[in-house]
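Position one of the sequence shown corresponds to residue 1 (UniProt numbering), numbered consecutively onward.
Everything labelled a hint here was simulated from the structure, so no lab data went into it. Backbone N, C-alpha and C define an ideal beta-carbon position, used for all residues, glycine too.
The following label-pair restraints were derived from C-beta to C-beta distances:
no. : residue 1 : residue 2 : range
1   : Ala231    : Thr264    : 21 to 27 Å
2   : Asp119    : Asn257    : 40 to 46 Å
3   : Val328    : Gly275    : 26 to 32 Å
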Amino acid sequence: MRENIWKYIAAVLILLLAASSVAVVLLYMQNSELRSYKPENVTTTVIVQGSSNVTCNSTAYQLQIDDLQRQIDFLKAQLRGQNLPGGNATIAIVPIFGLIDDYTALSVIPTLREIAKNDSIAGVVLWIESPGGYVGPVREIYSTVRKLNFVKPVVAYTGGIAASGGYYIAAGAEKIIADPLAEVGSIGVIYVHYNLQQNYESNGIKVEVFKTGPYKDMGAEWRGLTDEERAMITEMVDTYFQGFLQAVSSGRGMSINETKEYATGRTWFAMNVTGSLVDETGDLDYAVSVLEKMLNVTKPRIVIYKGSTPSDFGIFGSTALLLDPRYVNAYIKTG
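All chains should be built: construct the whole structure from the sequences, respecting the hints.
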């Protein structure tokens, strides 16, 4: 019962932290708009009043976030204290390889939940080799990693690539270790839309659509997008992007502004972003040794879990993706 109470308190504080962080993002956006605002047909300088109040509010929110973070760190220590390893500690290595879709989530999430309940497992090395994938599965796995990390320390490792959705998941771990030449980052969202209207017409194919609302076939390949629909999709993509920024900012201990510097959609060699996107560089054995030091154990038993079964990953329709752009074209499927 005591353990459940701690978990509930931690969950509430996480929600409060997320809400406060979102508020800071909104304040930052509002502040940026005020600074860049220039009235039309006005030649004199206009001073916008109230900017100092925005700064004060931002500072107050930051102080609140810092206080919540300290409480969360305390509660995390309490939860982990109840899961201290005994004499024969076990470290689990859980692989997440390839494109991330529903099948990946169906394999990884139950594994992580079972590990959280297994008293013999002291910590987890999350071995990620992925360029990303679909938004939903990525966010679900990330959420599960965050929850597990409150109970048992999680170290993310990549030897080749943890990009976009792959890096999103890694950001939920306590630390990120990567091979010096591993590619990390690709922080961003991409939306793929097929417009095959001209192809349909040139092949004499007529599409009749019966729909209950003007947006029911938005993104369908048999027609293009309207300006209004483009605006709606842009807003959706930006919403996903803000969530990505928040995950990296929270996980890496960086401000939103610092995170945005790396949110250009590109990847970096891990050796060039040590101390920001990754903590240290090294191989898988080094990642295990980092976790050993965190757990204060020596010569633990290592268990490597089986990875998810590769699926026939394919992008069949218009959709938002947490996927490195270099991999999109290879997985486009139209039939």
